[in-house]
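First to last, the sequence lines map onto chains A and B.
So that you can map any letter, position 90 of the first sequence is 113 in the numbering used here, and since no number is skipped, the others follow by simple counting.
So that you can map any letter, position 39 of the second sequence is 31 in the numbering used here, and since no number is skipped, the others follow by simple counting.
These aren't lab readings, by the way, just hints derived from the structure by calculation.
There may be inaccurate statements among the hints.
Stated by the list, open to error - Pulled a few chain B residues facing chain A out of the computed Cβ check, cut under 10 Å:
id	residue
1	GLY22
2	THR37
3	VAL46
4	PRO48
5	THR71
6	ALA73
7	GLY75
Claimed, not checked - Simulated DEER-style distance windows between Cβ atoms:
id	chain 1	residue 1	chain 2	residue 2	range
8	A	ARG214	B	THR(-3)	48 to 56 Å
9	B	LEU98	A	TRP125	46 to 54 Å
10	A	SER155	B	ALA28	22 to 30 Å
11	B	LEU77	A	THR28	25 to 33 Å
Don't be surprised by glycine CBs; every beta carbon is placed ideally from N, CA and C.
Listed below, chain by chain, are the residues.
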Amino acid sequence: MAAGTAMSSYWRGVRDGLPFLAVVGPFAMLFGVLATEAGLAVHETMGFSIVVIAGAAQFTALQLLNENAPTLVVIASALAVNLRMAMYSASITPYLGPLPLWKRGIAAYFLVDQTYAQSVLEYERNPDQTTSEKFAYFLGVMTPICPPWYVFTLLGAVLGESIPANLGLDFALPIAFLAMIGPMLRTPAHRIAALVSVVLALAFAWLPFNAGLLVAGLGGMIAGAQAETRLGITP
Amino acid sequence: MTDTTELWTIILALGLGSFGLRFAFLGLVGDRAMPAWVLRHLRYTAVAVIPALVAPLVLWPTATGGEPDATRLAAAAATFAVGYLTKNVFAAMGVGATVLVTLSTLF
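Can you build the whole structure from these sequences, using the hints too?
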């Protein structure tokens, strides 16, 4: 019985993760194309997508490699772009923390923007699931997102310059994230958090190393927590 | 272009670093109870980070050299509105993509 419900959670995750394929496919392909154009071999390009598995950080590293930035600067800048992953890790811990260490390791490796946001959205909607159902759901969401990230990187790297790098694909990522924000705004505290974070993100966009994102993220979290306490909202 | 050793140093360092960031809390905190005030802040992580990630991309798209663009703004507004009103991620993405493609073809 337990295995059965975990299985249905997995397939629910696959279904909910599937729309992101429309974003991940073109985005991964774009990375493959640009990496090839920057002079990376196919196995090096794949190394990025499999070892690092983080779109924004990979594009940042590629950009700096093109500019011949020092190795340390490339590493520090791309990791700075990924600092938000530590916030995701903290935020998903109340849900997946009880798992055995190796399963937490697997969840950590596959913790990207889309798997994180979609899973937390689901955990908040259905808080009564068991931890194994939550993990199965996470793996389900990951299935149409992460393996395609490798496959489409490879496709982009192999097809290389025969694909035009500008198909308006740049806006697929913002659309995917915007679509998730609406359903997240469940309470006035969530709406206040989002509003404060947008204002701070725009006001601090000039900060180097993507630091504006961290200021906005922390500011939004504090605003949400304050609103929850002061307005007496039940989460 | 960077030589092979240097490139793999970058790839491995980024891989280890990214995994470290993702594992930081999940691995070390695990099922130990976190204080209520920490949990209260963590509840708003997604809703604080994702809009902050998107806002500059919507207002100053890289593809237009950072100039605000009516087509992208319209697609963004439609995506958000449908997501907010229907609570349906898939419908929001569909409408947003349709608006983007339609307006880019028309203008």
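Hint check:
Among the interface hints, the one on B:GLY22 holds; its C-beta lies about 5 Å from the nearest C-beta in chain A, closer than the 10 Å criterion. Here the hint on B:THR37 is kept, as its CB sits about 4 Å from the closest CB of chain A, short of 10 Å. At a threshold of 10 Å, the smallest CB-CB gap from B:VAL46 to chain A is about 5 Å, leaving the interface hint in force. Of the supplied interface hints, the one on B:PRO48 holds, with its beta-carbon coming within about 5 Å of a beta-carbon of chain A, less than 10 Å.
A cut of 10 Å between beta carbons decides the hint on B:THR71: the least distance to chain A is about 4 Å, and the hint holds. A least Cβ separation of about 8 Å between B:ALA73 and chain A falls short of the 10 Å threshold, and the interface hint therefore holds. For B:GLY75, the suggested interface contact is upheld, since its CB lies about 3 Å from the closest CB of chain A, less than 10 Å. The hinted range of 48 to 56 Å is satisfied by A:ARG214 and B:THR(-3), whose Cβ atoms lie roughly 50 Å apart.
As the Cβ distance of B:LEU98 to A:TRP125 is approximately 52 Å, the hint placing it in 46 to 54 Å holds. A C-beta distance of roughly 26 Å is found between A:SER155 and B:ALA28, which places it inside the suggested range of 22 to 30 Å. For the pair B:LEU77 and A:THR28, the supplied restraint of 25 to 33 Å holds, since their beta-carbon distance comes to about 31 Å.
The structure fails none of the hints (numbered hints given earlier).
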